[in-house]
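Go by the hints and put chain B onto chain A.
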Amino acid sequence: KQEVTQIPAALSVPEGENLVLNCSFTDSAIYNLQWFRQDPGKGLTSLLLIQSSQREQTSGRLNASLDKSSGRSTLYIAASQPGDSATYLCAVIGGKLIFGQGTELSVKP
Amino acid sequence: EAGVAQSPRYKIIEKRQSVAFWCNPISGHATLYWYQQILGQGPKLLIQFQNNGVVDDSQLPKDRFSAERLKGVDSTLKIQPAKLEDSAVYLCASSLQITSGSNEQFFGPGTRLTVL
Numbered sequence: 001k002q003e004v005t006q007i008p009a010a011l012s013v014p015e016g017e018n019l020v021l022n023c024s025f026t027d028s029a030i031y032n033l034q035w036f037r038q039d040p041g042k043g044l045t046s047l048l049l050i051q052s053s054q055r056e057q058t059s060g061r062l063n064a065s066l067d068k069s070s071g072r073s074t075l076y077i078a079a080s081q082p083g084d085s086a087t088y089l090c091a092v093i094g095g096k097l098i099f100g101q102g103t104e105l106s107v108k109p
Numbered sequence: 110e111a112g113v114a115q116s117p118r119y120k121i122i123e124k125r126q127s128v129a130f131w132c133n134p135i136s137g138h139a140t141l142y143w144y145q146q147i148l149g150q151g152p153k154l155l156i157q158f159q160n161n162g163v164v165d166d167s168q169l170p171k172d173r174f175s176a177e178r179l180k181g182v183d184s185t186l187k188i189q190p191a192k193l194e195d196s197a198v199y200l201c202a203s204s205l206q207i208t209s210g211s212n213e214q215f216f217g218p219g220t221r222l223t224v225l
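Residue numbers (this note's numbering), protein chains in the order written: chain A, 1 to 109; chain B, 110 to 225.
There may be inaccurate statements among the hints.
Said to hold, decoys possible - Here are the simulated BS3-like pairs of lysine-lysine, each with C-alpha atoms no more than 27 Å apart in a straight line: (1) 120(B) / 187(B); (2) 42(A) / 153(B); (3) 171(B) / 120(B); (4) 42(A) / 192(B); (5) 96(A) / 171(B); (6) 153(B) / 68(A).
Calculated from the structure, these hints are not laboratory results.
Chain A on its own, in the form it takes in the complex (with noise of 0.2 Å):
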């Protein structure tokens, strides 16, 4: 059974930092894998799909990497700003979206 864990459960930074959000998965026969935001209250935002060929893919200041034979993936946010702040998810897929319960990033000015 596919399960997705992500650490840290909480994270703060002050404004400028570059920041690192971890997802690791259980069974690496995925087919992609996909970062998610959700602000509160609100649905869920597609930040970057990585396919299970492909080993990052990039979007603005996000960046994303997956290692499969190691169930990990990371995605990289360079120069935080206060509007990142939000809930991020990542989600495995292998048939069904199996989602990790998501870390909260605060950025402070």
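Okay, now just chain B, sitting in the frame of chain A:
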């Protein structure tokens, strides 16, 4: 391109009452998903449709939850009767098709249900 639409956005009911949620996926998306997200947790898949057929409903509490997608487009999720532990955000998502290479899912804004 319009996104996934859901209504209502918020609903407050008392336990043992019934409630229904509606979802309209992105046009042309064959696959539709309903998720339950309890506060502080990641979303959990309740049911997955491919067109108007059920692909996976293994985590749907069938004694009280039901869902349908009769014409293969929009969908309704019903809870009857509701329990306190059903308080959660109910998210609808859609994707082009289950067998597509990326299977990227697009989410609606969700319906926040509070059961008193």
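Tested hints:
| no. | hint | result |
| --- | --- | --- |
| 1 | 120(B) / 187(B) | holds (13 Å) |
| 2 | 42(A) / 153(B) | holds (16 Å) |
| 3 | 171(B) / 120(B) | holds (21 Å) |
| 4 | 42(A) / 192(B) | holds (23 Å) |
| 5 | 96(A) / 171(B) | holds (19 Å) |
| 6 | 153(B) / 68(A) | holds (22 Å) |
In the structure shown, no violation is registered for any of the earlier numbered hints.
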